[in-house]
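Using my numbering, read the sequence shown as starting at 21 and increasing by one per residue.
It should be emphasised that the hints constitute simulated quantities derived from the structure, not laboratory data.
Heads up, the beta-carbon is just placed ideally off N, CA and C, and yes, glycines get one too.
There may be inaccurate statements among the hints.
Below, in silico cross-link-like pairs of lysine-lysine (DSS-like), each with a Cα-Cα straight-line distance of 27 Å or less [as the list claims (entries may be wrong)]: (1) Lys114 x Lys82; (2) Lys114 x Lys101; (3) Lys43 x Lys23; (4) Lys23 x Lys133; (5) Lys23 x Lys41; (6) Lys41 x Lys133; (7) Lys82 x Lys133; (8) Lys101 x Lys43; (9) Lys43 x Lys84; (10) Lys23 x Lys138; (11) Lys138 x Lys41; (12) Lys101 x Lys37; (13) Lys101 x Lys41; (14) Lys41 x Lys114; (15) Lys138 x Lys37; (16) Lys84 x Lys101; (17) Lys101 x Lys23; (18) Lys82 x Lys41.
Here are the in silico distance ranges between beta carbons for each label pair [what the hints assert, rightly or not]: (19) Pro63 x Lys43: 17 to 27 Å; (20) Thr58 x Gly137: 16 to 26 Å; (21) Gly137 x Trp110: 25 to 35 Å; (22) Ser59 x Ile113: 30 to 40 Å; (23) Ile75 x Lys133: 14 to 24 Å.
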Amino acid sequence: MTKLTIFYDGFCPLCVKEMEKLKQFDQNADIQIVDIHTSAFEPYTNIDADEASTILHAIDEKNKLLLGLDVTYQAWSLVGKGWLYAPLRWSLIKPIADRAYLHFARNRYRWSKILTGKSRCDSNSCR
C-alpha cells in the first residue's frame, strides 16, 4: 500500500537524483513518485502542475496534502532516514529551512547546473 505519493519536477536533475535515491531505500514500496511532466500525472486532477513545479507536493495515505520540506521529511522517514531531515522540522529551524527551500525550489535549475553540470533534463535524459 502506498503511504506517500510524491509529485516532482522530472526536468530538474537534482530532483530526479533525489527521487531515484529515495526509491533505492524504499524497500517496502511505501512511496510512489510521479513526474508532473508525464502522463502518469494526468489522473491527479487535484494537484496543480504549476504549483507542484514551484514547491514539492505529496499526498499521504490519509489524503493529506504535504508541501516542500514536509514532503522531504515524510518521505525519508518512511525509508528510515528521517533523522537526517528532522532538524529541518524543529520549530526554531523550520521557518529558516522553509525559506531556504523555497529559494532552492525557485532556482532549482541553476542549482542543478552548479551541482550536477546539467541545468535541465529532457526526454528522460536524467535517468
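Here is what the structure says about each hint:
1. Only pairs whose Cα atoms come within 27 Å are accepted, and Lys114 paired with Lys82 is accepted, the gap being roughly 23 Å.
2. With a CA separation close to 18 Å, the supplied pair Lys114 and Lys101 stays within the 27 Å bound.
3. A threshold of 27 Å between alpha carbons decides the hint, and for Lys43 with Lys23 the separation of about 13 Å falls inside it, so the pair holds.
4. Distance hint between Lys23 and Lys133 is unfulfilled; the C-alpha atoms sit about 32 Å from each other, more than 27 Å.
5. At roughly 17 Å between alpha-carbon atoms, Lys23 and Lys41 fall within 27 Å of each other, so this suggested pair holds.
6. Of the supplied pair hints, the one linking Lys41 and Lys133 holds, its CA atoms being roughly 19 Å apart against a limit of 27 Å.
7. For the given pair, Lys82 sits about 36 Å from Lys133 by alpha-carbon distance, which is inconsistent with the 27 Å threshold.
8. Among the hinted pairs, Lys101 with Lys43 is consistent with the structure: their alpha-carbon atoms are about 12 Å apart, no more than 27 Å.
9. The suggested pairing of Lys43 with Lys84 holds, with an alpha-carbon distance near 21 Å, which does not exceed 27 Å.
10. Straight-line distance between C-alpha atoms of Lys23 and Lys138 comes to about 32 Å, which puts the hinted pair past the 27 Å bound.
11. Taking the CA atoms of Lys138 and Lys41, the gap is near 18 Å; set against the 27 Å cutoff, the hint holds.
12. Simply put, Lys101 and Lys37 have alpha-carbon atoms about 16 Å apart, close enough for the 27 Å limit, and the pair holds.
13. For the given pair, Lys101 sits about 12 Å from Lys41 by alpha-carbon distance, which is consistent with the 27 Å threshold.
14. Distance check on the hinted pair: Lys41 and Lys114 sit about 24 Å apart at the alpha-carbon level, within 27 Å; holds.
15. With a C-alpha separation of about 12 Å, the suggested pairing of Lys138 with Lys37 holds against the 27 Å cut-off.
16. A hinted pair counts as satisfied when its Cα atoms are at most 27 Å apart, and Lys84 with Lys101 qualifies at roughly 21 Å.
17. The straight-line distance between the Cα atoms of Lys101 and Lys23 is roughly 16 Å, inside the 27 Å bound, and the hint therefore holds.
18. The suggested pairing of Lys82 with Lys41 holds, with an alpha-carbon distance near 25 Å, which does not exceed 27 Å.
19. For Pro63 and Lys43, the hinted distance range of 17 to 27 Å is satisfied, since their beta carbons lie about 20 Å from each other.
20. Thr58 and Gly137 have their C-beta atoms about 24 Å apart, which keeps the hinted 16 to 26 Å range intact.
21. For the hinted restraint 25 to 35 Å between Gly137 and Trp110, the CB-CB distance of approximately 33 Å keeps it satisfied.
22. With their beta carbons about 38 Å apart, Ser59 and Ile113 fall inside the hinted range of 30 to 40 Å.
23. Between Ile75 and Lys133 the beta carbon distance is about 20 Å. The supplied range of 14 to 24 Å therefore holds.
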